[in-house]
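Residue numbers (this note's numbering), protein chains in the order written: chain W, 731 to 1245; chain C, 10 to 107.
In short, the hints are calculated from the structure, not lab data. Any given hint could turn out to be false.
Have a look at the derived ranges for each label pair, beta carbon to beta carbon [said to hold, decoys possible]:
id, chain 1, residue 1, chain 2, residue 2, range
1, C, Ile11, W, Thr1051, 51 to 57 Å
2, W, Glu852, C, Ile11, 56 to 62 Å
3, C, Met10, W, Ala849, 55 to 61 Å
4, W, Gly799, C, Val88, 36 to 42 Å
5, W, Ala775, C, Lys92, 34 to 40 Å
6, W, Phe1195, C, Met73, 54 to 60 Å
7, W, Ala775, C, Ile11, 48 to 54 Å
Over 10 Å on every C-beta distance to chain W, these chain C residues come out as not near it, computed from the model [to be verified]:
id, residue
8, Tyr16
9, Ile20
10, Val31
11, Thr93
Note that the coordinates shown come from a computational prediction; the quantities given were computed from them, not determined experimentally. Don't be surprised by glycine CBs; every beta carbon is placed ideally from N, CA and C.
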Amino acid sequence: MTAVIEWRAVAPVLLVLIAAVLGILVEAVVPVVHRFFAQVFLTVASIVAAAAFLVANWRKGIGGPVVMGSMMLDGPTYFIWGSLLVFGLAAILVFAERELNGGVSTFAASAATVPGSRAEAEASAARLEHTEVFPLALFALGGMMVFPASADLITMFVALEVFSLPLYLMCGMARRRRLLSQEAALKYFLLGAFSSAFFLFGVALLYGYAGSFELSAIATAVQNPTMGHGILVAGMALVGVGLLFKVSVVPFHNWTPDVYMGAPTPVTGFMAICTKLAAVGATMRVFYVALGGERWSWQPLLAVLVVATMVVGAVWGLTQTDIKRTLAYSSIAHAGFIMTAVVGASAGTVTSPLDSVASVMFYLVVYGLASVGAFAVITLVRTQSGEANAIASWSGLARKSPLLAGIFALFMLSFTGIPLTGGFIGKWAVFAAAWRGGYDWLVIAAVLLSLVAAVFYMRIIVVMFFGEPADGVVVGRASAFTWLPIAVAALGVAVLGVFPGPVLDLATLAGTFIR
Amino acid sequence: MIDQYLYLAVILFVIGAIGVMVRRNALVAFMSVELMLNAANLALVAFAWHHASFDGQVATFFVMVVAAAEVVVGLAIIVSIYKTRRSTSVDNANLLNQ
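The shape of chain W in the complex, shown without the other chains (with noise of 0.2 Å):
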């Protein structure tokens, strides 16, 4: 068999890795005044042209299994990716923010001294950056989106790896607060390979079950078993584990609040969506596309998973006093309100064509939008000493900054589901998908946790517009790399609140996954 490789079809996954590795070339080669500046543009250029390749690629119509049948470029890859694409640069563009650190970035001086050392000091005083942050972001981009584009198990095991492994790496990076990020590193680390640990042995489990790694054959094993069902049903949860730990879905959700909190805030924001992205397409792709025929035995459990997921977001979240751990939970509670849409799998009908991937992914982009705008935000409302992450400094920031409090207002309103933001028609979305698919309760549970969520987000805007000013909070001043991707967002989920069409009408021609 000789290798073929469609390579203008996967040239917007390769772009993103070679640039990666140009990107370490570039640390190499590169004199130290240029690097952070070769670095962004490398990693910006690199996004774009990949973005175009991919829209050119759409528009000829190119799709079908590619590279020997291992990556599946079906209507869903391509709407993920695009959207990976798309909020990985806001996010990224977060990364480059070096005003409001008095010309610094956000990430440690040198991650190898030990906090509080004199060599630490030695590197802040010698204005040390770290810039491997973007080439490990741009790593960690190509590996999300391989992941939820494989059409085997083994590939998406490596794509795992691929983007988890920058991650662990580039949450203890942190310039301010190191013990906190290091411990964020460690918690994320170790829980991470514990849980890609259940998604191998699944693997393993289902590759025994089916003789094949890939999906396509697992659901035609599925349909005509010649092994035990225990091996299926076995693999299956492993699998799952490994899946819905990267989607944080309660029991698996343990890990968001601490990372969230210790993780660099641009990060956060990073991870926040295109983690999520990643996972829950990778999620649907394997429920939907090797173990569809198995759904009745999935459904359940999942539904039972998702209501506990909804709860533990939205009620653990009002008990919070950290801006980025109520953010965390309200993740987890989002994180329930897709996975209503994944559980009631419901097909389209000429009626109303928006089947569950469909609104799944219009649901990821209003939820993206608000997210990368909130973390950027986030990094702006400071101290003399760093962010001021504690909601009670947050206090009247309306009367300092009336835009910036305004702007994150909005995006409480979207993540809440109030009409006229993209959040609602999101919310709409998901919740009929769902109960299309027979789940009607799971949904009724679904509108009343995120009637409780709202308390929190609503608590924040209270905060924000009547509360005293707290003393010694500022807005930074930032560079457009933070408030670009503000406006960006911020303009989105205006406009997907108000006119929806364009992207749902995207999201349903994305359509569904080729087996």
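Start from chain W and add chain C according to the hints.
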């Protein structure tokens, strides 16, 4: 025959999983994760032999390379934590829960 290999793989996997949950030392927990990966490798090779296909054997090489990459990243994180705190106990890493 396949059953025995599979039982061994499951036993190794469970030992690894218990190790991660019970042991407090980050290094030992990480070693337990590696044991789980190797249990999966054993299952893959056993199934490859059962199905008389090479896919499973090739997959183990991918897993080994991934495991090696994971060691690089993992040890970097654990060593940096150790240098900061003079301890690799996961119980001491509890600043985020306060």
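Do the hints match the structure? See the list:
{"no.": "1", "hint": "C/Ile11 x W/Thr1051: 51 to 57 Å", "verdict": "54 Å, holds"}
{"no.": "2", "hint": "W/Glu852 x C/Ile11: 56 to 62 Å", "verdict": "59 Å, holds"}
{"no.": "3", "hint": "C/Met10 x W/Ala849: 55 to 61 Å", "verdict": "57 Å, holds"}
{"no.": "4", "hint": "W/Gly799 x C/Val88: 36 to 42 Å", "verdict": "40 Å, holds"}
{"no.": "5", "hint": "W/Ala775 x C/Lys92: 34 to 40 Å", "verdict": "37 Å, holds"}
{"no.": "6", "hint": "W/Phe1195 x C/Met73: 54 to 60 Å", "verdict": "56 Å, holds"}
{"no.": "7", "hint": "W/Ala775 x C/Ile11: 48 to 54 Å", "verdict": "51 Å, holds"}
{"no.": "8", "hint": "Tyr16", "verdict": "13 Å, holds"}
{"no.": "9", "hint": "Ile20", "verdict": "12 Å, holds"}
{"no.": "10", "hint": "Val31", "verdict": "13 Å, holds"}
{"no.": "11", "hint": "Thr93", "verdict": "5 Å, violated"}
Violated hint for the displayed structure: number 11, the only one.
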